[in-house]
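J.: What follows is each chain in one-letter form.
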Amino acid sequence: MSIVLIVAELQPSGQLRKATLNAVTAGRQLAEKTGGELHLAVLGANPAPVAEELRGFGARAIHTVGGLSQYVAEPYTAALSQLVQSVQADYVGMAATAVGRDLLPRVAGRLRAAMASEVMGYEGSGADVQFQRPMWAGAVIATVKLTTALKVLSFRGTEFPMAEPTGGASEVKAFTASIPASKTAFVDFKEVKSARPNLTEARVVVSGGRGTKGDFKEVEALADLLNGAVGASRAVVDAGWVPNDYQVGQTGKVVAPTLYVAAGISGAIQHLAGMKGSKTIVAINKDGDAPIFQVADYGLVADLFKALPELRESLAKLKG
Amino acid sequence: MKILVTAKRVEDYESKIKVKPDGSGIFLEGLKYKINPFDEIAVEEGLRLAAKHGGEVVVASVGGKEVQEQLRHALAMGAHKAVWVNHAGPLDQLGVAGLLAKVCEQEKPDMAILGKQAVDDDQNQVGQYLAELLGWGMATFASKVESLESDAEKAKAPGLAVSADGKAVRVVREVDGGLDTLDVQLPAVVTTDLRLNQPRYASLPGIMKAKSKPIAELTPAGLGVDVTPKLTITKMAAPPARKAGIKVPDVATLVEKLKSEAKVV
Numbered sequence: 003m004s005i006v007l008i009v010a011e012l013q014p015s016g017q018l019r020k021a022t023l024n025a026v027t028a029g030r031q032l033a034e035k036t037g038g039e040l041h042l043a044v045l046g047a048n049p050a051p052v053a054e055e056l057r058g059f060g061a062r063a064i065h066t067v068g069g070l071s072q073y074v075a076e077p078y079t080a081a082l083s084q085l086v087q088s089v090q091a092d093y094v095g096m097a098a099t100a101v102g103r104d105l106l107p108r109v110a111g112r113l114r115a116a117m118a119s120e121v122m123g124y125e126g127s128g129a130d131v132q133f134q135r136p137m138w139a140g141a142v143i144a145t146v147k148l149t150t151a152l153k154v155l156s157f158r159g160t161e162f163p164m165a166e167p168t169g170g171a172s173e174v175k176a177f178t179a180s181i182p183a184s185k186t187a188f189v190d191f192k193e194v195k196s197a198r199p200n201l202t203e204a205r206v207v208v209s210g211g212r213g214t215k216g217d218f219k220e221v222e223a224l225a226d227l228l229n230g231a232v233g234a235s236r237a238v239v240d241a242g243w244v245p246n247d248y249q250v251g252q253t254g255k256v257v258a259p260t261l262y263v264a265a266g267i268s269g270a271i272q273h274l275a276g277m278k279g280s281k282t283i284v285a286i287n288k289d290g291d292a293p294i295f296q297v298a299d300y301g302l303v304a305d306l307f308k309a310l311p312e313l314r315e316s317l318a319k320l321k322g
Numbered sequence: 352m353k354i355l356v357t358a359k360r361v362e363d364y365e366s367k368i369k370v371k372p373d374g375s376g377i378f379l380e381g382l383k384y385k386i387n388p389f390d391e392i393a394v395e396e397g398l399r400l401a402a403k404h405g406g407e408v409v410v411a412s413v414g415g416k417e418v419q420e421q422l423r424h425a426l427a428m429g430a431h432k433a434v435w436v437n438h439a440g441p442l443d444q445l446g447v448a449g450l451l452a453k454v455c456e457q458e459k460p461d462m463a464i465l466g467k468q469a470v471d472d473d474q475n476q477v478g479q480y481l482a483e484l485l486g487w488g489m490a491t492f493a494s495k496v497e498s499l500e501s502d503a504e505k506a507k508a509p510g511l512a513v514s515a516d517g518k519a520v521r522v523v524r525e526v527d528g529g530l531d532t533l534d535v536q537l538p539a540v541v542t543t544d545l546r547l548n549q550p551r552y553a554s555l556p557g558i559m560k561a562k563s564k565p566i567a568e569l570t571p572a573g574l575g576v577d578v579t580p581k582l583t584i585t586k587m588a589a590p591p592a593r594k595a596g597i598k599v600p601d602v603a604t605l606v607e608k609l610k611s612e613a614k615v616v
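These protein sequence lines map, in sequence, to chains L and A.
Heads up: the first sequence at position 298 corresponds to 300 in the working numbering, and the numbers run straight through without jumps.
Heads up: the second sequence at position 226 corresponds to 577 in the working numbering, and the numbers run straight through without jumps.
Since the hints were derived computationally from the structure, they do not count as laboratory data.
Please note that the accuracy of each hint is not assured.
[As the list claims (entries may be wrong)] Stretches of chain L that chain A covers, calculated by requiring three or more beta carbons in the stretch to come under 8 Å of a beta carbon on chain A:
hint: 1; stretch: 70-77
hint: 2; stretch: 147-156
hint: 3; stretch: 161-168
[As the list claims (entries may be wrong)] Here are the simulated distance ranges between beta carbons:
hint: 4; chain 1: L; residue 1: D190; chain 2: A; residue 2: L555; range: 42 to 50 Å
hint: 5; chain 1: A; residue 1: K371; chain 2: L; residue 2: A129; range: 24 to 32 Å
hint: 6; chain 1: A; residue 1: V496; chain 2: L; residue 2: G16; range: 24 to 32 Å
hint: 7; chain 1: A; residue 1: G440; chain 2: L; residue 2: G123; range: 26 to 34 Å
hint: 8; chain 1: L; residue 1: N229; chain 2: A; residue 2: R593; range: 23 to 31 Å
hint: 9; chain 1: A; residue 1: K403; chain 2: L; residue 2: F177; range: 41 to 49 Å
hint: 10; chain 1: L; residue 1: G290; chain 2: A; residue 2: K403; range: 43 to 51 Å
hint: 11; chain 1: A; residue 1: K459; chain 2: L; residue 2: N229; range: 33 to 41 Å
hint: 12; chain 1: L; residue 1: K281; chain 2: A; residue 2: L379; range: 34 to 42 Å
hint: 13; chain 1: A; residue 1: M559; chain 2: L; residue 2: A187; range: 26 to 34 Å
hint: 14; chain 1: L; residue 1: F188; chain 2: A; residue 2: Q457; range: 27 to 35 Å
hint: 15; chain 1: A; residue 1: L555; chain 2: L; residue 2: F188; range: 42 to 50 Å
hint: 16; chain 1: A; residue 1: A506; chain 2: L; residue 2: M3; range: 45 to 53 Å
Here the structure is a predicted model, which means the values were calculated and not measured.
We treat Cβ as the ideally placed atom computed from N, Cα and C, and that holds for glycine.
Only chain A is shown next, with the shape it has when bound in the complex (with noise of 0.2 Å):
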């Protein structure tokens, strides 16, 4: 089966974000930039299907030349090839998933898996947009009822089960007050939730590897799709900063401030 994945390049989660005072952006010196962690997530489950199933794993990312890191990381965890639409100015999910689709139409993927959310803008749209523009079914949160430090996921198990006739997938999701489990007819998209697997490291002859696998250019002209953002921000701001707390001595303290101070007991 030929799995389609996405690689967004955003800003290390672990990284500072400050945002500039004049409330234009953030400060950009010392960040550094990854594959969006939900993406991560997105590849290995396609690199595992493939495993399983047979079949490739193509996996595109959207914006300036320096995306081509993330889809070689990408690349590096052991997907086939990658596509790399060439658009160096602002976007939107619309837009995105406008061009996701047009990739889809070119691809024929029988899964599209996406990160559920970018941990940048945390709009958790594009998958959803996706599968509206494409008409296809969805699961969006994928996640397994096996833990992250269980046999199945020690053997790398995918945790979407392709049915034996190929023609579906069951994926569990994680919802409000419990698991809800569904079956998507193919071709879906899926969008992944944090405990659907944990991403390999790229290994080092898989390092070696990616650096001779292809990487197609395409353009939002030549896909034909109009990327002129229809949400743009204005401004941005630091949130309401906390007033600094204090440390207690001991239990007895605690309970007493609890009492009189917050007066929340």
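Chain L extracted, bound-state conformation (with noise of 0.2 Å):
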């Protein structure tokens, strides 16, 4: 019997991060796989009502650990590396968030275990379960075997949907962890704020690239009349044009929405490897040769500027 802890997310609100329900189905997949149990983590100054919201998950069982103030790596890794051993997890998991991918080797470390990181998807089962996980901003996925008994995975949440609810109520189990003095100081968080959805989570992503000019009212004019997020290639935000939260790409957001518009985005393969997994592209680009155009469904060569608005207009009266 193998236990699969999967580790939960708070936001800087205290509000679960919704990546973490991409990592539970991930999480039960795994235990399906290994035929163990799955359990839950929460930890955070806080934690009682993120574990109370994840009872109906159909977790064996849901651990607690308080006393922590904003996340800052090294008093997590204390916390969290304790409740691993404590509760003897085979694998420990986390969506490959800000956090995840911060939090996560550095645990690995301290338990001296080998990290699957952007896990995508299982071979095989029982101990001999591998994962599969992107190389070379996606060009390859390679499948790895870990041979530490711990095993730490990272999970790309666009290849697991998030979990719904299974009914039940898992037991909370409070964990006390010995948190000794951190070498870091947490100083502050500046967040970007926006009325918009979540870049990782919205049904609609519309991007702009350098052919915006850095003038992105098109672009956010045409995600707010779909309830979309909005989006950015590398070189937008490197020039500082909008905030480095908006990229997309291997070192930015993966995203997977129903719909996805590039506009004026050449289409380098880092870009690529952030969002060609959406369900429907559309590239609208001056140029007839970018790249983008290679993964586009329906590609347009347009000046953005005068293909936008229209395509704006043209959506809002069909939405009537």
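Join these two chains into a complex; the hints should help.
T.: Given below as structure tokens:
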């Protein structure tokens, strides 16, 4: 019997980060493949409300660790490592968010465990289960085997649907961790405030590239009409035209919305790696040879400043 | 201050990577190799810190003799000396971090700056492993508030702010939903994100000077590190290809297709 421990992530507000539910699905699948049971962990200042929210997701137990403040790697590493040892987990996993990417390798380091990042799926079953993950910006899907007793995994959210509640009420167990003094002090968090849906959760994403010359008004207007999120290519984020949180790509956000509109984006491989899992891709670019057209379902060779308003008006009429 | 930076040898990110039909690896013919772009940012940041605060930049890499090319590149950018851990076999992230931890114990840098990930395996782990093995504080995904087209960037100001007493570094990090700021006691591990800086080109005099800069050779056995991989790649495959799309002549056709064919609006 293996134990799969999935770590919930809390936002700075204390609310559950939705990507946790994708990781819960990944954990359920792994528990099924390894004949194991799913456990959840909630760490934070006040983990109880989120633990309560997760009780209907079919976990054998939900372990809470309180008394922690704002996320910083060192105290969370201490808390999670102690919890992993206490529940004798065989697998510990979390969504590959900024926190997951920061925390998990450090926990793996403390417990001398091997880790697979951005896991997309599984191969085999039982103790021999292996993990599929992207390499070279997604140009290759590698299957990897981890040979340490504890295996640490971060999950790519777009590859696992968000978990739905299955009923039942998991037992909630409070765990007390001893947290040593940290060498790192949290100073502040400057949030990019936006009324739009979260980039990784939106059904529609409208992204702008160099072709916008920094003018995102039309990109934003189309996103707002479709209740979508706004994304961007690396070039425009580097130029400081939009916040870094907008970046779609291998090293930014990986998204897979129902509709992805790329306006004025040429389509570097690093950008494509972040959006080619989208259901329908529309590309609008003046350059008919731009690589973005190779992944687009519908390509329109046009000036985005003409095409986007026209598209918005047509879609507005359609919606009535 | 003394800064240790890394220079992993990776396939040029603009190379076309193709998987062999038997899944045993990728085709190596015609591939060009470069320093990992995130490591290049780490080298640049090290040079800026050394220029501002004084001190030296030591660049380290692990691999066969070919990684000397990447070490020479970093030396040509301005790094003062290089450490080459000679190891030709397979390595995983835990193994690399174990070697770098020993190098840090020997070199005693105030800061180790690494790329947040290498663009070949895309694991994003070595910096975090290293911080843990050394018991140091860390700040991953280092960035800065100013853009890459700002005046501060043009003046080659470091994005990492060392405190006046030289005992800590303030790091702005790219995280979900915004920018996080941490104060980390030195010595510390920092990993770089894309927008920390724009790396300089190696100048011709820099390239000439690099030829006479020292490269110290070490081995895993000499460092006492067992690098037997705990992670092995058993297979590689190409990702599922997207069905070829079409070009539409105008917005009206696009809207019609989105409505009746894709059914997404």
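J.: None of the hints should be skipped; say for each whether it holds.
T.: How the hints compare with the structure:
no. : hint                            : verdict
1   : 70-77                           : holds (count 3)
2   : 147-156                         : holds (count 4)
3   : 161-168                         : violated (count 0)
4   : D190(L) <-> L555(A): 42 to 50 Å : holds, 43 Å
5   : K371(A) <-> A129(L): 24 to 32 Å : holds, 29 Å
6   : V496(A) <-> G16(L): 24 to 32 Å  : holds, 26 Å
7   : G440(A) <-> G123(L): 26 to 34 Å : holds, 28 Å
8   : N229(L) <-> R593(A): 23 to 31 Å : holds, 25 Å
9   : K403(A) <-> F177(L): 41 to 49 Å : holds, 45 Å
10  : G290(L) <-> K403(A): 43 to 51 Å : holds, 47 Å
11  : K459(A) <-> N229(L): 33 to 41 Å : violated, 55 Å
12  : K281(L) <-> L379(A): 34 to 42 Å : holds, 35 Å
13  : M559(A) <-> A187(L): 26 to 34 Å : violated, 44 Å
14  : F188(L) <-> Q457(A): 27 to 35 Å : holds, 32 Å
15  : L555(A) <-> F188(L): 42 to 50 Å : holds, 45 Å
16  : A506(A) <-> M3(L): 45 to 53 Å   : violated, 60 Å
Checked against the numbered hints above, the structure breaks hints 3, 11, 13, 16 and satisfies the rest.
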